[in-house]
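Visitor: What follows is each chain in one-letter form.
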Amino acid sequence: MTAISVEELSKDLRDAIAGLESTEGLEKVGVVVRVGDGVAWIQGLYEASYNEMLQIETASGVVEAFALNLMEDEIGAVLLGADQRVSAGDKVRLKGTILSVPVGPELLGRVVDPLGRPLDGGLPIKTKTFGQVERNAIGVMGRKSVHEPLMTGIMAIDTMFPIGRGQRELIIGDRQTGKTAIAIDTMINQAKQKTGVVNIYVAIGQKSSKVARLVERLKKEGVMEQTIVVATSPYDPASLLYIAPYAATAMGEYFRDNSGHALMIYDDLTKHAVAYRQMSLLLRRPPGREAYPGDVFYLHSRLLERSAKLSDALGGGSLTALPIIETQAGDISAYIPTNVISITDGQIFLETDLFYQGIRPAISAGLSVSRVGGDAQTKGIKSVSGNLKLGLAQFRELASFAQFGSDLDDATKAQINRGRRLTELLKQPQYQPYSIWQQIASVYTVTNGLFDDVKPEKVKQAQASLLEKLWTEHKADMKSLDKGDKLTDDQIKAIKKVAAQIAKGFEEA
Amino acid sequence: MEIFRQFAESGSQNGGLVEMLGIDWQMLLFQIVAFLVMLGLLAKFVYPWLIKSVDDRQKRIEDGLKSSEKAQAEAANAEKRIAKLLASANKEAGEIIAAAKAEASETLLATEEKSRQLADKITKTAREQIDNDILIAKNALHNEMVDLVITATEKVTSRIVTDKVNNDLVEKAVKEAKRN
Amino acid sequence: MAVRLSRRNLASYYAEALVNGTSSKNLARELAAYLIEAKRTKELPLIIDDIEHQLACRGSLSARLTSAHALNEASRRSVIDLLRHKTGASDINIKESIDENLLGGLKIEFIGNELDMTISRQLSKLKTNYKK
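Residue numbers (our numbering), protein chains in the order written: chain A, 10 to 518; chain B, 6 to 185; chain C, -3 to 128.
Source of the hints: derived by calculation from the structure; they are not laboratory data.
The model shown is predicted, which means the values in this text are computed figures rather than measured ones.
Treat the hints with care, since some could be wrong.
What the hints assert, rightly or not - Below, a list of computed lysine-lysine pairs in the DSS-like style, where the Cα atoms sit at most 27 Å apart:
1) A:K201 x B:K57
2) A:K201 x B:K75
3) A:K436 x A:K388
4) C:K82 x C:K127
As the list claims (entries may be wrong) - Reference excerpt, derived from the structure (chain B facing chain C, CB under 8 Å, subset only):
5) V38
6) I139
7) A182
8) K183
Ideal Cβ placement from N, Cα and C applies to all residues, glycine included.
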């Protein structure tokens, strides 16, 4: 426990006085010409660079800003604080650095703002290193192909749209369809499966109550120790919302560049684009389609390109990104959604209809895709997921015939019945991610018809019983199955035996 | 003996013996025929029925005996099966109980460990909070000291800096600025 | 539609003309006429600052010296020498003023630059940099 020592305090002050230089030499100085809406227009500072940090000396202290518009006659600087503190005539100095944020393991478990200042009421954060907010992405030769799985714990995703470390997978859907829920479950699974992946959740313009609830849940699930939350609320200036994802990515890059693995969740990039649009219009940049500036694609592409799997020469670390986009009325052909879809390596599309039908997660198997695919899947899951995809695809084709009931031939009926059971199987409650062996056992059971005699509405119960019994009676087999290898004969035998027993108890009348 | 003697004596008197015995040949023949008819009728209508019912009874008795033997055998088998089932159920129950006990003790250990970790976490958080509070107090004191030092310096400096001192300061500062 | 002239272009033209010997009165009249015509009279202080900057780029510097006490001749000469050393300007004009709040030392200001060697600046740096 630290104690207050007068000697220590006076030594600090003496050292500060001794270290004071009489002059720093000629300093470049500008003056604020006008200020408003979070933007300060500055005359002077002819040597200012793009994105360079500026310090505005106001009556109530120094307000920081960064230069975004370098024009012929003046500089448009976006304020990183309240613009009420800045007045016309205030002196502006160059800080001499580009915008940087504190990065390092000291941030783990903390809730911070985009400049690294704590928001959780804890100790001030002191890190050894700083990372640049705007940084070039790794070049082609510094990368390796995505080959390690990032298990989300959500069966529908891990079996059909697997995500790998270093991939960018977009989560897209209307409001209240479970986008953030998927992100939270993925974070929880990293802690539950002890994968060592660091989570970084960026809340861009999210309600403070939502962020508080999320932090509570993460603490409850024991995930917070390996998570950093970078939070901005709707009342923060647009400049902070704009730099939030970049600052958070700088924090993630620290782990990536030190042979670690990190997961970035950007919630959500639609609000990010809106904040950037606001800033651009106030900076008098010419508006384009839907009033977005012309470089709105570059806004997201340079952000997401920083997520990569590094080559072994660079340490083999990875930075995986799960950006979230909110659509309006399911329109994925709108401007921002199409931009981000073309940048990412796949998307998970959530449909409102499925959500209200009770299929949660409401993942549309037809529109979702993972461009990395089986390369990022464990062998065990890969071996069982082929039948799952096929079964669901066939069910989708026959979905419209499902209402006819007895007028169909046996083969069609069998496919429909199987499809119903598969659909039931893929439903999953929130905050309950499945481990690898649970997914393999469940999918194997249903795709091989072992639950064909179980009523569709009882499939989840039967699955729960199956998993419990398998863990109780065949723990060693299941533990080895959890490593992700293909099913062995013993494991298949065990699953079949237990599934038969369970199915008997849930038989349709 | 008397009857034989009389029969023998009568033999010598043939005609007279039959009359003595009172046997009427016609009646005898009639009776024999009647007897044969009755026999025939009995054989046709009564004996089969009688024999059948006796046979049936016999068969029923035999069947009854067989069924009871069978039932006894089945009862013995059923007892064997029940005993076997009970034995396996007992074995399974024993295994389940053993597994449950093992699971329970594992859960208990895990819960204990979790509680220990939670307690450590709470203690750590409390310590951090105290450290935080002390740091805030230290910083407040530090800032107060800086403010006081600056105020005192301003007051003193404005009195002691004369024209000459000022010009000396300017010379010194210009020399240093040239070096930077 | 007339193209809007940037302040930089205007200042550059004005400074170039001044250096080449054009009468400052004529130039001022010309500039005033343009500003009134283009309804940009409010930008006059900014344009003057830009002209100062352009003149400084062309070797003609105008500096303001502020100190808590009046400077002697030696100090004044060493300041001019310093400015010549730092900016390479050949023609240096200085305007002096007194501000007791600076406590001691000297502040030199010229367009876009500042050299603050005063005691008050050091104290304010102590406040901002060392306060926690």
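Visitor: So, for every hint listed, does it hold in this structure?
Guide: Against the structure, the hints come out as follows:
As the CA atoms of K201 (chain A) and K57 (chain B) are separated by approximately 85 Å, the hinted pair breaks the 27 Å bound. Taking the CA atoms of K201 (chain A) and K75 (chain B), the gap is near 62 Å; set against the 27 Å cutoff, the hint is violated. Distance check on the hinted pair: K436 (chain A) and K388 (chain A) sit about 23 Å apart at the alpha-carbon level, within 27 Å; holds. With a CA separation close to 32 Å, the supplied pair K82 (chain C) and K127 (chain C) exceeds the 27 Å bound.
With 8 Å as the threshold, the beta carbon of V38 (chain B) stays out of range of chain C, its nearest partner Cβ sitting at about 151 Å, so the hint is violated. Annotation: interface hint on I139 (chain B) violated; nearest CB of chain C at approximately 13 Å, more than 8 Å. Evaluation of the A182 (chain B) hint against chain C yields a held restraint, the C-beta minimum of about 6 Å falling below 8 Å. Taken as an interface hint, K183 (chain B) checks out: its beta carbon lies about 6 Å from the nearest beta carbon of chain C, inside 8 Å.
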